[in-house]
Every structure is written in C-alpha cells, then in structure tokens.
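Start counting the sequence shown at -17; every next residue gets the next number (my numbering).
Some clues are possibly wrong.
As the list claims (entries may be wrong) - With a Cα cut of at most 30 Å, we get these calculated BS3-like pairs of lysine-lysine:
(1) K321 to K286
(2) K58 to K95
(3) K36 to K91
(4) K286 to K256
(5) K256 to K321
(6) K321 to K345
(7) K221 to K286
(8) K286 to K51
(9) K36 to K345
(10) K52 to K36
(11) K52 to K345
Simulated from the structure, these hints should not be mistaken for laboratory data.
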Amino acid sequence: MTQPLRLAMRLATPAGAAFRSSASRRIAAIHTTPVSPATVSAIHGTGPPPEAPKPAADSTEARLADRRKKQAMLQKAQDMRDAAAASNPQDSISPLKTARTKSSELLRKRFWKNVHVREVDGAYEIHLDTRPLRRPDTKEIVRIPLSKPLLATALAVEWDMLTSPQQATRQHLIPLTGLVCRALDIADDDKTATATVRPYITRTVLRYFDTDTMLCWAPPPRADDSPGPDGLGLRETQKRAAEEMIAFLNTRVWPGVELEPVLDEESIMPRRQKPATRQIVEGWVMGLNSWELAGLERAVLAGKGLLGAARLVAEWSEGAAGGVAEAGEPRYGVEQAVKNATIEVRWQTGNWGEVEDTHDVEKEDLARQFGSVVLLVGGTGSQ
C-alpha cells in the first residue's frame, strides 16, 4: 500500500461514529432548570384615580405666601444644621476654614432686619435699618423725589423681600432698583458737557419705531384661513388696535403726525416712516426728563415697539410728557399694554392653545416690566 493511501484511510472517520457524535451534540441539555410558563397577573387598583392637576396660583398674595413658606422651610433646615454643628463641635478648626465659613454666612444671612422709607433733605431714601441704599456704580445714596411715594415704597418692598445680600447681586431679583439707578444715571449724564446716554437711548428707540409691533400687520387672510376666537382675522385685530393707538397719539402726544404701517400686504421688508414724522418723534424723546426716558426705554425694549411705550409714558407721567386726560376716559393700564404688545401671540394661542410655563410666564414678565414703568414715571403730580 502506498504512503498516500494509508494517510487517507487513517484520517477517514466511520460514518456511524460521525452520526452518533452529531446526534449526541444535538440532544445535549444546556441546563437542568424545569421550564415554567410566565404568570400573568391582573392590574390591581389601589384606590380612586388622582385628582386633576390644579393651575398655579395667579394672584400676587398667593405667590408671595408661597415664597415666604419656602423661605421658612429653608430657614428651618438651616437652623437644624446649625444646631447639629453646635452640638458636635470639631476639636480643631483651621483659621482659613473659619474665615471662609464666616464669609459664606455673611453672604447667606441678611444683615438688615427692617426696611424704611425716610424723607431726608427733600427726597425719599431707602434705609436698611440705619444704612441708606446706595447705587452700585457711584456709591451715591439713592434719592427719589417726594412726588413719587409709590415708587419709594415699591423699592423698599423689593429689598424687604430679599433674604440675603447675595440675592442683591442678581439683577432679576432687583429689577426696580436697576430701573431707578438707570434714571439717576441719565440725570447725572445730562449734567455733563458731553452727554452721551440720552442720544444713545433716542437712537435705540427710533430703531424700534421702524419695526414697531403695532404697525407690523399680517398679510390679508386667505379663503382657507380660520378666524380667531372673536371671529376676526389676525390682520383685522392688529388694524383695530393700531387705529385706536394712533388716534390717541395724534391727539395727546404727537398732534398731526402721520403714522403708516411699516409692512405692505405681502411685503417682508419694513419701510421707514416719513422724515418729518421721525423728526417730531425724535424731538419728543429728547425732551423727556430722566425718569420718563428711563421708563420709555424699558417699555420699548419689553414691548418691541415705540407706540405702546409712548402711550404708557404719556398716560402716567407726572412730567411734561403727560397730557390732560379727558373726564371719564379710562386710563391705559398695564393689562391693556400687555394685550397690545402680544396681539399675534394671543391670537395664535387662542386658536392652537397655550404652552404651559412659556406663554403665561412671558405675559407675567411683560406685565411686571410695564408695571415698573408706571411706578417710575407716575407720581402725585400726575393729572
């Protein structure tokens, strides 16, 4: 027998052995755990269904009470931690750690107990116990005219609601303080030979005049467009509000001024008002006092338009910007100003619904900013 034939026979496997080997591998068990079917259990009820969620408190008193409740809970937890630390003092505390602890405690703890409004040398001052409130940049005392007692009281309430000096560094917690300081900065800048703040504000508000919210109307409705909740289209709603606003401004603020829509029916590029109109409006803005100018700037930036801001200042100002109101004429308040500044948003949410914690928060924030303008420009000299 040759050598290749012997190798082939040696390597060959019997067919029966191969079959038995493959069969044993197929029937080998992987585990010895018996198979048991899944037990399906029915859903067991534990009680009645939960109540529907309730909307958040909308009143100022309810929000203030909720804030004070949370503040009391945080203070109670802090007192418990302080008591636990006092009962188990450490044997050795480094001076550096002690200094850091004292510094953090000073930032967390309010160093004043009471806030007072006091009349000092012909003006109102806000006193934190015995310390007068000062401006952050110049360190001068904040002085409010005697004709603005509501503004002084609101400023005192704003500081009385703070729980620590650290909160005083957050601008969103002291918005009225920032607005008052802005008015005082404008007054100080007007006394210099090269005043720059007033021209800058005037240029800013005139840019909003070219794209005013009240003068940007939607295109005419198509046949398949659905009307709003009141049965009117968006363009008709905007047009009615603008006509009422323009009639007031032509009578009380800018007599004889022609105001035109800044968007045509199908245009997307706004057009500027006439040069004569811009000149009259610019002269009116430049002639405002520091309190009115600061309030106008805040209202323009908040409402994205000059017309609504000008009417709000003219309605409530105690200075030259405020005209003589007709007998029995309702005042243009904060709620109406918010409605005119959010015509398109209200129309869309009336059709499609409101996004929670978005549209309602924006509305309240806008009302807060317009309300601060009323407090800033108003006073006992208002007619």
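Hints, one by one, checked against the model:
For the suggested pair K321 and K286, the alpha carbons sit about 13 Å apart, so the restraint of at most 30 Å is met. A threshold of 30 Å between alpha carbons decides the hint, and for K58 with K95 the separation of about 18 Å falls inside it, so the pair holds. With a C-alpha separation of about 34 Å, the suggested pair K36 and K91 falls outside the 30 Å cut-off, and the hint is violated. Straight-line distance between C-alpha atoms of K286 and K256 comes to about 20 Å, which keeps the hinted pair within the 30 Å bound.
A C-alpha spacing of about 27 Å is found between K256 and K321, which places the hinted pair at or below 30 Å, so the restraint holds. At most 30 Å may separate the alpha-carbon atoms for a hinted pair to count; K321 and K345 meet this at roughly 9 Å. Proximity of K221 to K286 is assessed by CA-CA distance (about 17 Å); at most 30 Å being required, the pair is judged to hold. A hinted pair counts as satisfied when its Cα atoms are at most 30 Å apart, and K286 with K51 does not qualify at roughly 36 Å.
A hinted pair counts as satisfied when its Cα atoms are at most 30 Å apart, and K36 with K345 qualifies at roughly 19 Å. With a C-alpha separation of about 19 Å, the suggested pair K52 and K36 falls inside the 30 Å cut-off, and the hint holds. A threshold of 30 Å between alpha carbons decides the hint, and for K52 with K345 the separation of about 24 Å falls inside it, so the pair holds.
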